[in-house]
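**Student:** Taking the hints into account, I'd like the entire structure generated from these sequences.
Which chain is which? The protein sequence lines are W and C, in order. Numbers 1 to 96, taken from the working numbering, label the letters of the first sequence in order. Numbers 97 to 214, taken from the working numbering, label the letters of the second sequence in order.
Derived from the structure by calculation, the hints contain no laboratory data. In this text, all values refer to a predicted model and were calculated from it rather than measured experimentally. Just so you know, even glycine gets a beta-carbon here, dropped at the ideal spot from N, CA and C. Take these hints with a grain of salt, some might be off.
Claimed, not checked - In silico contact screen, one side only, chain W against chain C (beta carbon under 7 angstroms); selected entries:
#1 Met-1
#2 Leu-8
#3 Asn-34
To be verified - The calculated label-pair distances, taken between Cβ atoms and stated as ranges, are:
#4 W/Ala-86 x C/Ile-181: 15 to 25 angstroms
#5 C/Tyr-121 x W/Ala-73: 27 to 37 angstroms
#6 W/Glu-81 x C/Thr-158: 44 to 54 angstroms
#7 W/Ile-62 x C/Arg-125: 25 to 35 angstroms
#8 C/Arg-125 x W/Met-84: 33 to 43 angstroms
#9 C/Leu-103 x W/Thr-69: 30 to 40 angstroms
#10 W/Asp-55 x C/Asp-102: 17 to 27 angstroms
#11 W/Ala-73 x C/Pro-127: 22 to 32 angstroms
#12 C/Pro-193 x W/Gly-54: 35 to 45 angstroms
#13 C/Leu-173 x W/Arg-95: 42 to 52 angstroms
#14 C/Pro-197 x W/Glu-79: 13 to 23 angstroms
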Amino acid sequence: MYGAAALLMLVSMALALVRALKGPTVYDRILAVNMFGTATVLMITTVGFMIGRGDLVDIAIIYALISFTSTLAVLRFTEYEREMSARAAQSAEERT
Amino acid sequence: MSILLDLLSWVLLLAGGGIAIVAGYGVVRLPDVYTRMHAASMLDSLGALCVFLGLALQTGMTLMTLKLGIAYSFLLLTTAVAAHILGKSAIKSGLEPLSGPMVGSVARPNVGQEADAG
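**Tutor:** Below you can see the structure in the form of structure tokens.
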């Protein structure tokens with residue numbers, strides 16, 4: 001039964017990857033990767049129960065935290081990159 | 097009693113998997129970033145709750161249950177913050193929802209309020 005749940009999580013991860021590859025905007029991709037991370041956490045926990053190793057729950061906790069940090073970092077990067085490029089274009093216009 | 101707990105935990109695990117499938121289908125099929133966020137947040141809250149509850153029913157009251165609770169609480173906190181920042185960042189980039197411009201959004205704070213001011 002653990003295997004079935006892990007398999008369903010795998011299918012969900014594949015669907016999230018489809019969106020990450022197709023996504024028209026960068027936010028679609030970030031959203032899909034974030035959801036991929038959540039599904040991975042659930043799958044790691046389920047697989048840990050399936051093979052009888054409780055240690056994998058600790059790895060799942062660490063994975064959740066790292067996935068959150070990476071999502072946050074990429075989002076802040078896109079936000080500030082846009083502001084920086086707008087500011088650079090503005091200063092270039094003023095200079096000419 | 098043990099059979100009952102096993103059955104309940106299996107049902108919860110399979111429900112979590114089904115919610116994950118529905119969330120993945122929604123993320124692929126829905127038309128907009130904001131509607132896709134709605135589909136993805138279903139896995140973050142309800143799907144994770146079902147899976148972790150199903151696993152906690154298998155272990156009983158041990159340290160493992162505490163670990164599962166810690167993992168779920170981390171997931172609950174972090175996905176809420178990530179969804180907030182994703183939505184804010186998308187609306188600030190000028191990406192309007194398909195249902196029309198948002199009233200009083202971060203990007204255009206005065207949309208829809210001119211009538212009151214005049």
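**Student:** Does each hint hold? Answer for all of them.
**Tutor:** Hints, one by one, checked against the model:
1. Contact between W/Met-1 and chain C, as hinted, is supported at the beta carbon level, the nearest pair being about 5 angstroms apart and thus within 7 angstroms.
2. Annotation: interface hint on W/Leu-8 holds; nearest CB of chain C at approximately 3 angstroms, less than 7 angstroms.
3. Taking 7 angstroms as the C-beta cut-off, the interface hint given for W/Asn-34 holds, the closest approach to chain C being about 6 angstroms.
4. For W/Ala-86 and C/Ile-181, the Cβ-Cβ distance of about 19 angstroms falls inside the hinted range of 15 to 25 angstroms, so the restraint holds.
5. At about 29 angstroms, the CB distance of C/Tyr-121 to W/Ala-73 agrees with the hint of 27 to 37 angstroms.
6. Taking 44 to 54 angstroms as the suggested C-beta distance range, the pair W/Glu-81 and C/Thr-158 conforms, at roughly 47 angstroms.
7. In this structure, W/Ile-62 and C/Arg-125 meet the distance hint of 25 to 35 angstroms, their C-beta atoms being roughly 32 angstroms apart.
8. At roughly 35 angstroms, the beta-carbon separation of C/Arg-125 and W/Met-84 lies within the given 33 to 43 angstroms, and the hint holds.
9. Distance hint for C/Leu-103 and W/Thr-69: a CB-CB separation of about 38 angstroms, consistent with the stated range 30 to 40 angstroms.
10. Distance hint check for W/Asp-55 and C/Asp-102: the Cβ-Cβ separation is about 23 angstroms, which falls inside the suggested range of 17 to 27 angstroms.
11. Distance hint check for W/Ala-73 and C/Pro-127: the Cβ-Cβ separation is about 28 angstroms, which falls inside the suggested range of 22 to 32 angstroms.
12. For C/Pro-193 paired with W/Gly-54, a C-beta distance near 43 angstroms keeps the hint of 35 to 45 angstroms intact.
13. Judged by the Cβ atoms, the range 42 to 52 angstroms given for C/Leu-173 and W/Arg-95 holds: they are separated by roughly 46 angstroms.
14. At about 20 angstroms, the beta-carbon gap between C/Pro-197 and W/Glu-79 stays in the expected band of 13 to 23 angstroms.
In summary, this structure violates none of the numbered hints.
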